[in-house]
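Chains A and B are the protein sequences, given in the same order.
Just so you know, we're using this note's numbering here: the first sequence kicks off at -2 and counts up by one.
Just so you know, we're using this note's numbering here: the second sequence kicks off at 3 and counts up by one.
No incorrect hints appear here.
For lysine-lysine, the following BS3-like pairs were computed, each having C-alpha atoms within a straight-line distance of at most 30 Å: (1) LYS0(A) <-> LYS209(B); (2) LYS22(B) <-> LYS164(A); (3) LYS40(B) <-> LYS0(A); (4) LYS164(A) <-> LYS175(A).
The set of hints was computed from the structure by calculation and includes no laboratory data.
In this text, all values refer to a predicted model and were calculated from it rather than measured experimentally.
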Amino acid sequence: MGKFVPTPSCTVGPFFPAHYFGPNDNDLTVTSNAAGASSKRAQGTKIYIAGTIYEADRVPRWNSIVEFWQADASGHFAHPNDPESSKADPDFMGWGRRASEDDGYYDFITVKPGGYKDPLTGLVRAPHINVSIMGSGLMRRLVTTFFFPDEPANAGDPVFNAIPDAKVRERIILKPAKFPRAPADALCYRLDIVLQGEDETPFFLD
Amino acid sequence: MDKLPNRFAPYDDRTQPAFKVEGYKETITRVPMQGFYKRPATLTEVTGPLNLARKLDADLSDLSRAKGGGRDGKDGARAMGQLIFVTGRLLDEDGSPVRNSIIEVWHANSAGRYIHKMDAGSPFPEDPNFFGSGRCLTDHEGRYQYISIKPGAYPVPNHPQRWWRPPHIHLSIFGSGFMSRLVTQMFFPGDPLNAQDRILNSVPDPKGRERMISRPIPMMELPRADVVGFAHDIVVRGSRATPMGI
Ligand SMILES: [Fe+3]
Chain A
-2 MGKFVPTPSC
8 TVGPFFPAHY
18 FGPNDNDLTV
28 TSNAAGASSK
38 RAQGTKIYIA
48 GTIYEADRVP
58 RWNSIVEFWQ
68 ADASGHFAHP
78 NDPESSKADP
88 DFMGWGRRAS
98 EDDGYYDFIT
108 VKPGGYKDPL
118 TGLVRAPHIN
128 VSIMGSGLMR
138 RLVTTFFFPD
148 EPANAGDPVF
158 NAIPDAKVRE
168 RIILKPAKFP
178 RAPADALCYR
188 LDIVLQGEDE
198 TPFFLD
Chain B
3 MDKLPNRFAP
13 YDDRTQPAFK
23 VEGYKETITR
33 VPMQGFYKRP
43 ATLTEVTGPL
53 NLARKLDADL
63 SDLSRAKGGG
73 RDGKDGARAM
83 GQLIFVTGRL
93 LDEDGSPVRN
103 SIIEVWHANS
113 AGRYIHKMDA
123 GSPFPEDPNF
133 FGSGRCLTDH
143 EGRYQYISIK
153 PGAYPVPNHP
163 QRWWRPPHIH
173 LSIFGSGFMS
183 RLVTQMFFPG
193 DPLNAQDRIL
203 NSVPDPKGRE
213 RMISRPIPMM
223 ELPRADVVGF
233 AHDIVVRGSR
243 ATPMGI
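Same shape as in the complex, but just chain B (with noise of 0.2 Å):
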């Protein structure tokens, strides 16, 4: 088995996103305001499952088809939408591949609805032939494919200031350890939305926001025809240097 990182050092605060969001009013309610504790990190912090494909499927990287991509076969109808195909690379802080990890990722339809039932009061139709998520493995070189429909926009609910998230797809990933947990958000290139997201704009540097924004992949480099193409690395905390605390 390969060396997997064992170091870890605190996020730094300029590229990730501010805990407090202005508008956004669950950061308000739920973000502790005691500040937090520094510890060490021990064997607990810098193991994590790697096995949870056990447990989880992650043998539904097709979201595009009816009931949960692929869920139901190759057969199933097709959801509606422009259909994407998106790839990447999963590396930690060193740049190495982070292998056999799953991705979870789930989005809106084309109309902007989700299935789930916080969405249930959305104006935006459901599509029968869309189920809205699916998981994927990486491979040996940490790279990732999912092929799925672009998701479409829709208005934060019940906001007092509200605004129009940018099409995005969330993604969860598990990477090789507790530490190097990851939920994050893709977005698409060149989105009028993503200027006003405040989702994504409460990342304070510019290059992090950056790292949230898919790049497009020139048609001919794609294994087929019929999907637009995003490309989107993914890089999860964690390096192999000696260990050290947190």
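Chain A extracted, bound-state conformation (with noise of 0.2 Å):
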């Protein structure tokens, strides 16, 4: 432990600034919010994430601040911990942010993480997305994991199996599925995020 203790963590509240979020914060293909940016894409294949936050007893949760944080395409962070940080995509910055709308619905654009050998542990680590929740009513902010179906992977790998029954494991599974808003050239998933009951989302000791 350091000899510095971290500040408290506190709510984000109910009023977080709408005005924080530009058009292209939810969709990390792209790395700048400016209009007629440089249309250069992250490498890799497109993505497309959406679904339900819902609070107990499965009432839609809307103003849940939602971020993703992952690896590029080839499982590469550009970062100075990561000792490969230099063939990171320099297109992609692994990073979106998204309020939930009134009826609960969140989506990002993204491109397939790759995995990676970790470097700290030696363990595999399969495609994954960190997510964050924050919100009104969240004193700290809530973590968790998005794995991908049918990626061998996921049975080695260390966060995906820290849940012990695979009932509760199934529920950070992305979902193949079909939205109307999706781009038309990405492949599309569901998770929907349960904050409370009975199917709830597992969440990660941070």
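With the hints as a guide, bring both chains together as one complex.
As structure tokens, this is what we get:
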């Protein structure tokens, strides 16, 4: 432990400014919000992920702030803790943000992340997306990880397998789906996020 | 590039807020019931976006001016209220500066009203010259600063147990990786409403609560004579020791 103690977390509250969101904040395949910015897009398979956020009793939860963080298509991060950061895609930031809509709907456009052999633990990570959820009533953020279906590496993934019950693990596997709002050239997946309930999304200790 | 934190221990519950806060009904229906799973920290947890200014405009450090903290240039009309200057350092658990990191700042106007559709029923007036949010970037020492107006208190809406939220400033901080992401609030020293705020007081450790309260800066140490100054250092999680699981 370091000698300084982290400042307490606090709820984001109900008033996170709407004007903090740029038009491309939930599109990870572009790195700018500026109109007419470079049309260079991230490398990889374009995917669309959408779903509904629910609180207890399956009540849709609007005004939740959802953030994605993920590796690029080849499994690299543009960050000095990645020993192979020089191989990271310069047209991919790996981060996106979105507030859920009135009916609880959220969506992101991104590329399918690559898996990687983890330099810290030597373990093999399956392709995955780290997800944070913040909102009114959440004094601390909630964190979970999305995984992909039919991915053999899931079986050995240390985070996926940190959840012992296969039925519960199933709740963080993206499901192939179709959405009218998805870009025509994207593979589509659904994943609903249940903050509380019988079929609650598994969240990790933060 | 500097070595960045790659070790993250779980938060100490005494120094962090309780998940469930009495009288704050949203904490009852939105907090998971089934416990949290422990996982090892791997590269995806110890990395994070370091170049967010490509997407998020980080040059909005005067919130006191009309329409968006400088968005309309230096001549924008001033928002109503006491001008304040807030500065401090963003550090990790080793006390090392967190550099070039975006801090998002938003708060109510001087009457206690937000620009947000959730606050449409507020009994307090809007201020056409107060936009309510900005962003700044930490420098090489981890230092940030912004100018704004002092927010007013406001009652928590629609709660079975009503209470006044003391004047506070919301902060969203990215730090150097996914595990150092922090959303917090800064309070003002000596405000009588601090003692009854259920949110501030949901942190069990009194020292933890103190870490959310800013300190007055003596006037002679301020860069200008028209602002009341507050100092507030912020510590995000992460240290540089041998990597370990969380
Ligand atoms: Fe507030």
